[in-house]
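There are 2 protein chains.
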Amino acid sequence: MADVVVLGQIGRDLVLRVAELPAAGGSVAASERRELLGGKGANQAVALAQLGVPVVLVGVVGDDAPGRDVLAQAAADGIDVSGVVARPGTPTALLLDLVEDGGRRRLVEDVPPGALLTPADVAAAGGTVAGCQVLSLQLQQPGAAVRAALERASRTALVVADGAPEDEATRDAVLGRADVIRADAAEIELLVGRRLSGPDDARDAAAQLLSAGPRMVALAVGEPGDLVAWRAGPAPGAAAGAGEVDPAWADGEVLVPRLGGSTVDPTGAGDAWVAGLVAALRGRGGPEEAAWLGAAAAASTVAHAGGRPSLDPAALAEAIARERDRHGVRIPSGRG
Amino acid sequence: MADVVVLGQIGRDLVLRVAELPAAGGSVAASERRELLGGKGANQAVALAQLGVPVVLVGVVGDDAPGRDVLAQAAADGIDVSGVVARPGTPTALLLDLVEDGGRRRLVEDVPPGALLTPADVAAAGGTVAGCQVLSLQLQQPGAAVRAALERASRTALVVADGAPEDEATRDAVLGRADVIRADAAEIELLVGRRLSGPDDARDAAAQLLSAGPRMVALAVGEPGDLVAWRAGPAPGAAAGAGEVDPAWADGEVLVPRLGGSTVDPTGAGDAWVAGLVAALRGRGGPEEAAWLGAAAAASTVAHAGGRPSLDPAALAEAIARERDRHGVRIPSGRG
Numbered sequence: 001m002a003d004v005v006v007l008g009q010i011g012r013d014l015v016l017r018v019a020e021l022p023a024a025g026g027s028v029a030a031s032e033r034r035e036l037l038g039g040k041g042a043n044q045a046v047a048l049a050q051l052g053v054p055v056v057l058v059g060v061v062g063d064d065a066p067g068r069d070v071l072a073q074a075a076a077d078g079i080d081v082s083g084v085v086a087r088p089g090t091p092t093a094l095l096l097d098l099v100e101d102g103g104r105r106r107l108v109e110d111v112p113p114g115a116l117l118t119p120a121d122v123a124a125a126g127g128t129v130a131g132c133q134v135l136s137l138q139l140q141q142p143g144a145a146v147r148a149a150l151e152r153a154s155r156t157a158l159v160v161a162d163g164a165p166e167d168e169a170t171r172d173a174v175l176g177r178a179d180v181i182r183a184d185a186a187e188i189e190l191l192v193g194r195r196l197s198g199p200d201d202a203r204d205a206a207a208q209l210l211s212a213g214p215r216m217v218a219l220a221v222g223e224p225g226d227l228v229a230w231r232a233g234p235a236p237g238a239a240a241g242a243g244e245v246d247p248a249w250a251d252g253e254v255l256v257p258r259l260g261g262s263t264v265d266p267t268g269a270g271d272a273w274v275a276g277l278v279a280a281l282r283g284r285g286g287p288e289e290a291a292w293l294g295a296a297a298a299a300s301t302v303a304h305a306g307g308r309p310s311l312d313p314a315a316l317a318e319a320i321a322r323e324r325d326r327h328g329v330r331i332p333s334g335r336g
Numbered sequence: 001m002a003d004v005v006v007l008g009q010i011g012r013d014l015v016l017r018v019a020e021l022p023a024a025g026g027s028v029a030a031s032e033r034r035e036l037l038g039g040k041g042a043n044q045a046v047a048l049a050q051l052g053v054p055v056v057l058v059g060v061v062g063d064d065a066p067g068r069d070v071l072a073q074a075a076a077d078g079i080d081v082s083g084v085v086a087r088p089g090t091p092t093a094l095l096l097d098l099v100e101d102g103g104r105r106r107l108v109e110d111v112p113p114g115a116l117l118t119p120a121d122v123a124a125a126g127g128t129v130a131g132c133q134v135l136s137l138q139l140q141q142p143g144a145a146v147r148a149a150l151e152r153a154s155r156t157a158l159v160v161a162d163g164a165p166e167d168e169a170t171r172d173a174v175l176g177r178a179d180v181i182r183a184d185a186a187e188i189e190l191l192v193g194r195r196l197s198g199p200d201d202a203r204d205a206a207a208q209l210l211s212a213g214p215r216m217v218a219l220a221v222g223e224p225g226d227l228v229a230w231r232a233g234p235a236p237g238a239a240a241g242a243g244e245v246d247p248a249w250a251d252g253e254v255l256v257p258r259l260g261g262s263t264v265d266p267t268g269a270g271d272a273w274v275a276g277l278v279a280a281l282r283g284r285g286g287p288e289e290a291a292w293l294g295a296a297a298a299a300s301t302v303a304h305a306g307g308r309p310s311l312d313p314a315a316l317a318e319a320i321a322r323e324r325d326r327h328g329v330r331i332p333s334g335r336g
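Going line by line, the protein sequences match chains U and W.
For the first sequence, the residue numbers in the UniProt record's numbering are 1 to 336.
For the second sequence, the residue numbers in the UniProt record's numbering are 1 to 336.
Next up, chain U with everything else stripped away, as it sits in the complex (with noise of 0.2 Å):
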């Protein structure tokens, strides 16, 4: 049975850094070319393979030699790629990030529609989903997939949603399925319907998702950091006994700042995040301890160009004792 299975894109990567973009007409050397496995659920599979996390990867690459490249590199990075379509006919999805000294980071996407994922390759990986402890679920895929790999999920799995649904049916499925809910500040907006005005009202944005059906929700809102908040109850998931109280999980919130020095590129934050709230809450974390842990990887990841989180447990908890004593906030008893 898999543990953790991450639904979501597969690419390549290729970073190119510059000090800065040309005007039009213009050319640059770059200083910096990487070129690597990329897309958001890869990257969130290799930050999980990083913190000791067993992952099956669910998404597509096409059929051709980049995504040959790729998936010998998931698979290298110690993930399980059984659940990898390889699509005949499609290229694999290429994502380029350009980032200019100072952080300043544009994407330029190409994800061909055959490089997503349908409801036939979610069944396809049927068992792999309906098996696992915890689900994560990349809303950036199309809400028919999305749907289908929340129909297979059990019961008793943890599902963790990244992202906005793509449509109102979506948003239904994963607000009455999801046990966890993470958003950026545009995503929220298609979440909660409004747009957010600043912590206080993400306050109340995470209260209405909440009351929607998810046990904890966590927001992006920009320069403060993350509201992360959650209601009472037993653990969410397979992880805990049914019915148990879990003292972590009173109703609580917490803001953890945005940790870390400057920002070198912002891709794959999110990413490192969820992954960092995945290893804690399967490793029976609380909701504060997983928030922590996906502040620091996601820290850890801006702190070079490219998505591709480069995690060390050790060095991670470390950061996190180190800020939290910095920020003065209370390490939870029993915990750490």
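No wet-lab data here; the hints were simulated from the structure.
For clarity, every value in this text was computed on a predicted model and none was experimentally measured.
Check each hint, because a few of them may be wrong.
[Claimed, not checked] If you want the ones that stay clear, here's a sample from chain W, every Cβ over 10 Å from chain U, calculated:
1. P22
2. D80
3. E100
4. G143
5. T156
6. R231
7. D251
8. S310
9. A314
10. E318
[What the hints assert, rightly or not] Facing chain U, a subset of chain W residues (Cβ under 8 Å, in silico):
11. V28
12. L107
13. D110
Beta carbons: idealized from backbone N, C-alpha and C, even for Gly.
Dock chain W against the given chain U, drawing on the hints supplied.
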């Protein structure tokens, strides 16, 4: 014996079209992606092959999968790649061509130092260089490699140089041996040591260059087009009988306008221009005919995204006849 040897960059071209580049922090979906054999040397060699000219390419790729891919593509294009070095430990050069709607183009180039020609590479291709009838040199390559090629060229070879030499020794060697020099505005400045103020000034620059050695100069002077000037004497290069006076090679000049419709992507214009010129001169065409074929090849190439040419000799001949007529240019007797 090789007909034409092109010495210049070989690389991977990644062409991404977008409606508009996003602001920093943003992302955009590409409307088109093309991944091609590219680099100025390869583009010129492709153009020559399309014009029916046997061509040998001398340049450097990495000893990697992309390098093997682009060499296979060059061979499929009919280019002799026996003069290409596959350098271990060097990634194949990558040229990103970001094209916005309206023909606004930005290049991001990653040309590792190892992907440039050395004198030893030129020596390794020595027989090819020494035996060719036409040597086409791209002056973006290191000066030492350019000088090594000039030293090896036979006395009767037609030598065409494109660009600006990187140092004074190379400039002296180029001016002392090249039969034809082509340069754009920035390159002219480096060649003659001052900035051009307009087409009249370009005439002075052309006269200055012609007095320094070359028989023919082609200067891209911006909106008006290309100023092409030549001085009297036998047709240059091995194609002409030594000492025989060719009436097409009396002192002369022509300002060839920019041909064709609107520009989708200016990448590759200069490479196609030089290929047209080389093909015409090799076919015993005069300087004016060479200028028109260059301009028509360039116009064809800027009409699509990416620097790779797609030349049809019959279509170019038709375009030239039509445009000469439209611009009221006399068709030189006995040619056309």
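Verification of the hints:
no.: 1; hint: P22; result: violated (5 Å)
no.: 2; hint: D80; result: holds (25 Å)
no.: 3; hint: E100; result: violated (7 Å)
no.: 4; hint: G143; result: holds (18 Å)
no.: 5; hint: T156; result: holds (36 Å)
no.: 6; hint: R231; result: holds (33 Å)
no.: 7; hint: D251; result: holds (35 Å)
no.: 8; hint: S310; result: holds (20 Å)
no.: 9; hint: A314; result: holds (32 Å)
no.: 10; hint: E318; result: holds (30 Å)
no.: 11; hint: V28; result: holds (6 Å)
no.: 12; hint: L107; result: holds (4 Å)
no.: 13; hint: D110; result: holds (4 Å)
Of the numbered hints stated above, those contradicted by the structure are hints 1 and 3, listed in ascending order.
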